[in-house]
Amino acid sequence: MSNQSESPNPTSSSNKITLKTSDNEVFEVEEAVAMKFCTVKQYFDDENNNNVTSGTSTTLIPLPNVESHPLAILITYCKKHLEIKANNADNKKEMEIDMEHYEREFLKNVMPQELTELILAANYLNFKEALDFFCRAVASAIQNKSVEYVRKFFGLESDFKPGEEEKLREEFAWSFEGVDED
Amino acid sequence: MDESGLIQKPKRQKLIEEQDIDKESLDNLPCEIVQYILSLLPTKDAARTSILSKSWKNRWMCIPNLVFRQMCHDVHSTQQLFSGFPVLKNLCLDECHWMNQKVVSICVPKLSCLVIHEAERKRWSDLNEASIYACGSKKRPRQVVANRIYKFLIGFSNAKGIMLSSFAVKVFSLSSDCKKDDSILDPVPPCLLSQLNCIIVCCYNGDEKELSAIKILLKNALVLNKIVIYCSEHLAGDLEKREKAMAITIDGMVAFVAIPPPPLSSPLSPHGL
Chain A
1 MSNQSESPNP TSSSNKITLK TSDNEVFEVE EAVAMKFCTV KQYFDDENNN NVTSGTSTTL
61 IPLPNVESHP LAILITYCKK HLEIKANNAD NKKEMEIDME HYEREFLKNV MPQELTELIL
121 AANYLNFKEA LDFFCRAVAS AIQNKSVEYV RKFFGLESDF KPGEEEKLRE EFAWSFEGVD
181 ED
Chain B
1 MDESGLIQKP KRQKLIEEQD IDKESLDNLP CEIVQYILSL LPTKDAARTS ILSKSWKNRW
61 MCIPNLVFRQ MCHDVHSTQQ LFSGFPVLKN LCLDECHWMN QKVVSICVPK LSCLVIHEAE
121 RKRWSDLNEA SIYACGSKKR PRQVVANRIY KFLIGFSNAK GIMLSSFAVK VFSLSSDCKK
181 DDSILDPVPP CLLSQLNCII VCCYNGDEKE LSAIKILLKN ALVLNKIVIY CSEHLAGDLE
241 KREKAMAITI DGMVAFVAIP PPPLSSPLSP HGL
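Respectively, the protein sequence lines represent chains A and B.
Per this note's numbering, the very first residue in the first sequence carries number 1; after that it's consecutive.
Per this note's numbering, the very first residue in the second sequence carries number 1; after that it's consecutive.
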């Protein structure tokens, strides 16, 4: 996945907004994309209110809580999201089907380990659709998986005293029905 | 947006830099997101996360909806289960095996809807607005069902409205425990004396047992001001029977006999989550 923003589209009338991540990467994104990030939108609106005279395009918005890696993924997701929405403006069902299809493909390129940082980034940016999508992805990565699998893929370690875990496993024996083999 | 958040060097970023390896850990997620993720999971998968680590032990208990399907519980684990959910609102117990438990007590302060769907297609439920669905089955004697429904009703001391399937109604006239010759329930379930002001009966067939059971209910529900009776499809098609059924508006009580019957659906589908 490219870390750089796409080359400017001369036909587009929309403004570009520049986002600067915590690791000092700069992303130039279309306004429509940036406005899906509510945190960015709010900042942008506040800026505009403070500075009505500024008619020119580029605004640099710092994102000190977001690294370039998740941001690049979120931008890609967001662009596709907007595109699918625009393509099916009058057919909600078609849109949902397309979106589902895209999301399934999308997840093939995302490691479970990446989901945490994607969620944190989407949460900070207040990008609701992505946040919901990644949370659902985590849920389906946990569903029917063994405790060991979930620990391994989501960086968790057991800190129970010897015997404690066994006791819990006994207590929750009913929850192990239908768990997949690792 | 909180602008100061942008200007300040945030703490979280530092933490992430320091523990770069743990970046992917689910432990980094804010509580409300973890709760949201847990709420997306089937109950048993959510429960299993309690074994991940100490910090996860009680997290799953903070979700608003729980559905237990076809699970076996012994007395100890059941009692622990049903007394540890501070924010649980909807609880659905679908065909759970109770392993001969005599008492199941549910202590959930915020519970507003309880649906119990028992094996052999028998179902009853709720609290604030109770609904009890019960279907007869060959395997379970009606007497047993009747006694259990009756006991269940006694437990709903605060129920203001109650919905009963026609079978649930019928059992009132079958239970010797709860009916003497004078058709006074003994003891009268407390909700009938003080709170219950609306009874809805579903799938009313208009047979005699149902009729006498409804009369028993009317006699015992002291503060009742409305009873709505939905016909079964069978009765809706039978004009003569229907007229007879509508004649049960007695003692100044207004009875609405509605056609067609409402769907026997509960707010929480056992299969939906």
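Treat the hints with care, as some may be off.
[As the list claims (entries may be wrong)] As a list, the in silico DSSO-like pairs of lysine-lysine whose alpha-carbon atoms are at most 30 Å apart:
#1 B:LYS89 - A:LYS108
#2 A:LYS92 - A:LYS128
#3 A:LYS161 - B:LYS44
#4 B:LYS215 - A:LYS167
#5 B:LYS44 - A:LYS128
#6 A:LYS79 - A:LYS108
#7 A:LYS85 - A:LYS128
#8 B:LYS57 - A:LYS152
#9 B:LYS44 - A:LYS152
#10 A:LYS41 - A:LYS16
#11 A:LYS80 - A:LYS167
#12 A:LYS16 - A:LYS80
#13 A:LYS161 - B:LYS54
#14 B:LYS44 - A:LYS167
#15 A:LYS167 - B:LYS54
#16 B:LYS57 - A:LYS167
#17 B:LYS215 - A:LYS128
#18 A:LYS41 - A:LYS20
#19 A:LYS80 - A:LYS41
#20 A:LYS85 - A:LYS161
[Said to hold, decoys possible] Away from chain A, derived, C-beta distances all over 10 Å, residues of chain B:
#21 SER53
#22 LEU222
#23 LYS226
If you're looking for bench data, these hints aren't it; they were derived computationally from the structure.
Ideal Cβ placement from N, Cα and C applies to all residues, glycine included.
We went through each hint and held it up to the structure:
no. : hint                : result
1   : B:LYS89 - A:LYS108  : 36 Å, violated
2   : A:LYS92 - A:LYS128  : 18 Å, holds
3   : A:LYS161 - B:LYS44  : 24 Å, holds
4   : B:LYS215 - A:LYS167 : 53 Å, violated
5   : B:LYS44 - A:LYS128  : 27 Å, holds
6   : A:LYS79 - A:LYS108  : 18 Å, holds
7   : A:LYS85 - A:LYS128  : 15 Å, holds
8   : B:LYS57 - A:LYS152  : 17 Å, holds
9   : B:LYS44 - A:LYS152  : 20 Å, holds
10  : A:LYS41 - A:LYS16   : 13 Å, holds
11  : A:LYS80 - A:LYS167  : 47 Å, violated
12  : A:LYS16 - A:LYS80   : 17 Å, holds
13  : A:LYS161 - B:LYS54  : 10 Å, holds
14  : B:LYS44 - A:LYS167  : 17 Å, holds
15  : A:LYS167 - B:LYS54  : 13 Å, holds
16  : B:LYS57 - A:LYS167  : 12 Å, holds
17  : B:LYS215 - A:LYS128 : 54 Å, violated
18  : A:LYS41 - A:LYS20   : 14 Å, holds
19  : A:LYS80 - A:LYS41   : 19 Å, holds
20  : A:LYS85 - A:LYS161  : 51 Å, violated
21  : SER53               : 5 Å, violated
22  : LEU222              : 42 Å, holds
23  : LYS226              : 40 Å, holds
Of the numbered hints stated above, those contradicted by the structure are hints 1, 4, 11, 17, 20 and 21, listed in ascending order.
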